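Using the sequences and the hints given, assemble the complete structure.
These protein sequence lines are chains A and B, in that order. For reference, each letter of the first sequence is one residue, going 20 to 362 in the working numbering. For reference, each letter of the second sequence is one residue, going -16 to 171 in the working numbering.
You can trust all of the hints, since none of them are fake.
Computed beta-carbon distance windows for the label pairs:
no., chain 1, residue 1, chain 2, residue 2, range
1, B, Ala27, A, Ser43, 50 to 58 Å
2, B, Thr36, A, Thr144, 21 to 29 Å
3, B, Val147, A, Gly39, 29 to 37 Å
4, A, Phe101, B, Val158, 28 to 36 Å
Bear in mind the hints are in silico, worked out from the structure with no lab data behind them. These numbers come from a predicted model, not from an experiment. Ideal Cβ positions, reconstructed from N, Cα and C, are used throughout, including at glycine.
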Amino acid sequence: MTATLERAPEAVSVRRLLIGGFVSGALLAVLAATTMTAEKAVPGIAVPGPLVEYGLPVLRVLLDLAAVAVVGLSLLPRILGFDDPERTEPVMRRARPAAVTFAWAWAVLALVVIVFQTAQLNPGTVPTPALIAQYVSRFGNGQGMLFSAACALAYAGIGLLAVRFGEKVPAELRIVVAFFGLLPIPVTGHAVNSVWHDPIMISMELHVMGSAAWTGGLLVIMLLVARDRELLAAVLPRFSRLATLALALVSLSGLVTGLASMALTPGVELPGALLNRDYGLLLLAKAGCVALLIPFAAHIRFRLLPRIAARQGTAVVAWAAAELTVMGLAYGFAVALTTASIS
Amino acid sequence: MRRLLTVLLLASAALLSVVTPAQAHNVLIGSDPENGASLATGPARITLTFDQTVRQGFAQISVTGPGGTRWEEGKTTVSDEKVSVEVRPLGPAGQYVAGYRILSSDGHPVSGKVTFTLTAAGTGTPAQAAPGAATAPAQAPDLSAQAAEAAQNGGAGMAVLWIVGALVLLGGATVVAMRRNGSREETR
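In structure tokens, the structure reads:
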């Protein structure tokens, strides 16, 4: 039954709209932002070539998107609930192998990112295994990526067990491993030299986890559940509560992290620095994305949700696709922010 | 949902206590000579001061004079938050640019430049720029300092070994499981 539904042309175009909007939004934003933040040429100093300068952010954003998909697919069993296995099991049977595939992509991308980071530090040379090993052993960034890759691989292993044994493999285990893999990624970004370092890092971790749960959950529900009106009526109100929480968490922690990082950097004066520094402009762009998300989210929550709960047909997938595109843009700017110079 | 949130909070609390947070991003706070300074005699050394300790290795400073001539002498040295390089006696009057690229303590490369003007011509001659060697030599690896840093971070060799092993094992399992799953779907 699922197989015939899957091949319906309408379903294919819906999937293209959702994934295409999300991925192209992210790539567009990261490339546009990188033209701004790329290292400026300095006389007498070698800087990395364009392949590294643009390749690294692109790989980083793809890694983020794969991780978002994994987190969303891990949350799916909790969002679906276990009351109606007749309906949820066909959805889960497609979600579990997909989670393994995305975990693989995540792990491989993390390992490739390490190679590119090594190349960024050694401009003009092709990284050798010895250079890469040296990079990982000396720098927290390399170790963070390695830890993330290891978590993604562990996830792939647990995901395979879930493909084989179904929901006997606890959903919480998969969620925890997925979030564990997510946590070292922001640690590879910026930090400030101040007593506020630890609170800012915690705020950053909350930001990353909240946005992954929100984006991943929405993506997965729209891709796998939206066709089944009965199931959507049960699932979307439940997810909506999580999304409201995530929206508050993400916008608050994002503002705290970004503004505090700028305020604590020597030689940076707020609020003027918001407009005359790359970091400030990117921060404004990202805040703009979140501000744009609020009307989309509110429309789905207050206009469409009552009709979905009444099992009526709605254009919720189109609205969600627009929301996901904006989320993709925000992810692209986020990656550029992690490497943009604050000062 | 509540149980899930509890698990997540516990997990993140556990992780935050394990992961060592990144060091901060270095910012140039001063230099000798200062940016935009006008000097009658060339400086013997260029010293850049950052707001915190600069990592050993990778640091380089170059001094470029009028017409793209090169004036730095020897290797760049790092001492806590100061990065410096010796400068040859300068030649023609004009604008000199000290370009730098250092490794921030959070692992990101930071690059930039400091410009100063020589008002009276000196007697020096530029370094013989060997063809193809257009860039300053990176800092000589200070082995003891690097070893100390590496010891703090722990060895990565074993981790790589573990990861390769896990990759092979999981790759095989993925192929087998996906194939089985596929054939089950077809017979359904």
